[in-house]
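S.K.: Residue numbers (numbering that gives the first Met the number 0), protein chains in the order written: chain A, 0 to 96; chain B, 0 to 606.
Hints in this document: simulated from the structure, not taken from any laboratory.
Computed from a predicted model, the values in this text were never measured in an experiment.
Incorrect hints may appear among the rest.
Under the rule of at most 30 Å between Cα atoms (straight-line distance), these lysine-lysine pairs were calculated in the DSS-like manner [what the hints assert, rightly or not]:
1. B:Lys532 x B:Lys570
2. A:Lys5 x B:Lys464
3. A:Lys5 x B:Lys388
4. B:Lys29 x B:Lys388
5. A:Lys5 x B:Lys547
6. B:Lys532 x B:Lys464
7. B:Lys206 x B:Lys232
8. A:Lys5 x B:Lys232
9. B:Lys570 x B:Lys599
10. B:Lys547 x B:Lys504
11. B:Lys29 x B:Lys279
12. B:Lys304 x B:Lys232
13. B:Lys388 x B:Lys464
14. B:Lys285 x A:Lys5
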Amino acid sequence: MRVRVKLIATYRQHLPPGARGDTVELEVAAGSTVADVLQPFGIPLDDSSVIVLNGRTVSLDTPLQEGDTVAAFSAIAGGGEAGKGMPDSSVLESPIL
Amino acid sequence: MYYGWHGRILRVDLTRRQVQAETIDPQRAKDYLGGRGWAIRYLYDEVDPLVDPLSPQNKLIFATGPLTATPAPTGNRYMVITKSPLTGALAHSNSGGDFPTWMKRTGFDMFIFEGRASEPVYVWINEDRVEIRPAAHLWGKDVHETTDLLLAETDPEARVACIGPAGERLALMAAIMNDKHRAAARSGVGAVMGSKNLKAVVVMGRKDPRMFDEAGMRELSVTISKEVGADVKKGSNLRIYGTAYVPQVTNTLGILPTYNWQTGVFEHVSQIDGVALREKYLVRHKPCYRCPIACGRVTRIPDGKYAGEGEGPEYETIASLGSACGVSDLAALTKANYLCNELGLDTISAGMTVAAAMEMYEKGYIPEEHIGQPLRFGDGDALIEMIRKMAYREGFGNELAEGSYRLAEKYGHPEIAVTARKQEFPGYDPRGSQGMGLLYATSNKGASHMEGDVAYEEVFGVPVKIDPLTSEDKAELVKRFQDAFALIDASGLCVFLAVRYVFTKERMILPTRLAQLMKLTTGIDYTPEEVLKAGERIYNLERLFVLKAGSTEDTLPPRMLYEPLPEGPAKGKVVELDKMLPAYYQYRGWDAKGWPTPQKLQELGLA
Numbered sequence: 000m001r002v003r004v005k006l007i008a009t010y011r012q013h014l015p016p017g018a019r020g021d022t023v024e025l026e027v028a029a030g031s032t033v034a035d036v037l038q039p040f041g042i043p044l045d046d047s048s049v050i051v052l053n054g055r056t057v058s059l060d061t062p063l064q065e066g067d068t069v070a071a072f073s074a075i076a077g078g079g080e081a082g083k084g085m086p087d088s089s090v091l092e093s094p095i096l
Numbered sequence: 000m001y002y003g004w005h006g007r008i009l010r011v012d013l014t015r016r017q018v019q020a021e022t023i024d025p026q027r028a029k030d031y032l033g034g035r036g037w038a039i040r041y042l043y044d045e046v047d048p049l050v051d052p053l054s055p056q057n058k059l060i061f062a063t064g065p066l067t068a069t070p071a072p073t074g075n076r077y078m079v080i081t082k083s084p085l086t087g088a089l090a091h092s093n094s095g096g097d098f099p100t101w102m103k104r105t106g107f108d109m110f111i112f113e114g115r116a117s118e119p120v121y122v123w124i125n126e127d128r129v130e131i132r133p134a135a136h137l138w139g140k141d142v143h144e145t146t147d148l149l150l151a152e153t154d155p156e157a158r159v160a161c162i163g164p165a166g167e168r169l170a171l172m173a174a175i176m177n178d179k180h181r182a183a184a185r186s187g188v189g190a191v192m193g194s195k196n197l198k199a200v201v202v203m204g205r206k207d208p209r210m211f212d213e214a215g216m217r218e219l220s221v222t223i224s225k226e227v228g229a230d231v232k233k234g235s236n237l238r239i240y241g242t243a244y245v246p247q248v249t250n251t252l253g254i255l256p257t258y259n260w261q262t263g264v265f266e267h268v269s270q271i272d273g274v275a276l277r278e279k280y281l282v283r284h285k286p287c288y289r290c291p292i293a294c295g296r297v298t299r300i301p302d303g304k305y306a307g308e309g310e311g312p313e314y315e316t317i318a319s320l321g322s323a324c325g326v327s328d329l330a331a332l333t334k335a336n337y338l339c340n341e342l343g344l345d346t347i348s349a350g351m352t353v354a355a356a357m358e359m360y361e362k363g364y365i366p367e368e369h370i371g372q373p374l375r376f377g378d379g380d381a382l383i384e385m386i387r388k389m390a391y392r393e394g395f396g397n398e399l400a401e402g403s404y405r406l407a408e409k410y411g412h413p414e415i416a417v418t419a420r421k422q423e424f425p426g427y428d429p430r431g432s433q434g435m436g437l438l439y440a441t442s443n444k445g446a447s448h449m450e451g452d453v454a455y456e457e458v459f460g461v462p463v464k465i466d467p468l469t470s471e472d473k474a475e476l477v478k479r480f481q482d483a484f485a486l487i488d489a490s491g492l493c494v495f496l497a498v499r500y501v502f503t504k505e506r507m508i509l510p511t512r513l514a515q516l517m518k519l520t521t522g523i524d525y526t527p528e529e530v531l532k533a534g535e536r537i538y539n540l541e542r543l544f545v546l547k548a549g550s551t552e553d554t555l556p557p558r559m560l561y562e563p564l565p566e567g568p569a570k571g572k573v574v575e576l577d578k579m580l581p582a583y584y585q586y587r588g589w590d591a592k593g594w595p596t597p598q599k600l601q602e603l604g605l606a
């Protein structure tokens, strides 16, 4: 079945090279869960990420349906807890001041 | 002898052209913390809640907190408190930049402006040298020009807060701008300043507040900087995109205000989000004074009819001037943002008012000849023209300058205005974030995200993501967030930093770190429970002012209560306010009509 993965703002860096915009479409096995689909992207599957299925809050073991969209973004927005496993950012090249 | 606070207040009587320094009572300083807390105590004691907000009887208070101008990272905020001409109740607007620190370094924690000058003036405060100077030559000038002229005639190292033409003309959504681009924006504080013929306040000084425990304060500040710095290095959205990353988030949840709240999904969101802004117009990041987050951004539109340079747009501006108006041209909405800053308008109320006018025009409720031109959703040029006219109250702009509530009422369609206490909503559709609905309905300053932003949990997952679509368990959450935000606004810290330190490991709201900072700064043995209680005290005193001003209805507009969202994740939802409000009153210790009970007032020392 086909599903879409939308990675917002800083999480765009986890998209495969050549992806257009912030969304990719994938072919996944029937019965795949939210976690199964996100795992390969290397997104932290803990409280440092917000993950929604079709915009709704769900648990990571929720099975997907054809045409679903899984979206994720970082909860570290100046208000996150320090020290949670975020990958190094490749877009943080601009000077601090 | 005070630590953290100077303990001094500057009172400026504009009618008599007299200034006076006062000291604050130590018990009052402690109980009300500073900033928003001190200011409501003085406003409540000195201003009749029924006074005409634009009369000389209203007072305009600028207030810093005990952590302003200290080593605490982001300890650089000030509040403007007054009776609001937009809501007819309370205004408390917060801003950063440099001005708050420069203000505190004058040696005063708070300024109280009262009366009305007979002609335009500005006030130049250089420590104890305070001058009320003529400002006729500045009247009519925009914020940038005013600021440049004032720095030239006072001191180039000073800092300026001023109004633009919008404040002079008493537009009800006029802001007070500081450092050119930062705004104490909401609830018409700029109109109150204009009504006093006060064009600007210029500040400078070297009086840093004394720290009770200088070494301890430095150590904790370094720790906090390191913690924030670690997040920034790992890729904080705020650091990289500023608040402009948010439209994608709210759009994904179906709560991005679009076409004047007729839907929560904007099909062109990718054209106006932080990624587009960064790729097209970002010049550099720009922090407020002593901020390790640096969410601010200088932008430039290099050429074309919208060419210009300024700061922003922030998320709220993208939502109001962008999606709410259906404008998908990032250059047009950015230009409209620059114009708001230059003319001194709150981008939220300005954009949402134009959005309401657009809907009324398209539905035929406002004839084209009243507006003087077509006003369709998505028309960036029309948006820019309406913003200009609003600021100058020119033609139809005179109606726009009254805000969407009065505009919609005047044309016989009050249901079009999306306001609470007559103030326009910020950029989270509460039909898909129920806690925000309760927040807007009960906020002392009218609809605002900054009075207890439960979107942190409902939308952003800080500290943990909760379901935004349910109204269950939101009443207590809203109450605790409101109290915590009152504390933050009293402290002088920025919400973006402070919010991470108001939760315990168990994710309960208990501001341990904040209490520690306050203790090291002031020397008062504050506990986390006490500072949170002080937040509640401040909130309840504000509530009394609001109720006595006659703003007694905690409600939301019909669109939010009866018109379900037509699409997206929150499709079919309305705000379940009636399910949340009674429980909220109960958690608050208020009676069934929303008045604080005598027992609650007793408990808070307000009886």
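S.K.: For each hint, tell me whether it holds in the structure or not.
M.R.: These are the hints, each one checked on the structure:
no.	hint	in the structure
1	B:Lys532 x B:Lys570	38 Å, violated
2	A:Lys5 x B:Lys464	18 Å, holds
3	A:Lys5 x B:Lys388	40 Å, violated
4	B:Lys29 x B:Lys388	45 Å, violated
5	A:Lys5 x B:Lys547	49 Å, violated
6	B:Lys532 x B:Lys464	26 Å, holds
7	B:Lys206 x B:Lys232	34 Å, violated
8	A:Lys5 x B:Lys232	23 Å, holds
9	B:Lys570 x B:Lys599	39 Å, violated
10	B:Lys547 x B:Lys504	39 Å, violated
11	B:Lys29 x B:Lys279	48 Å, violated
12	B:Lys304 x B:Lys232	37 Å, violated
13	B:Lys388 x B:Lys464	42 Å, violated
14	B:Lys285 x A:Lys5	29 Å, holds
Of the numbered hints given earlier, the model fails hints 1, 3, 4, 5, 7, 9, 10, 11, 12, 13; all others are met.
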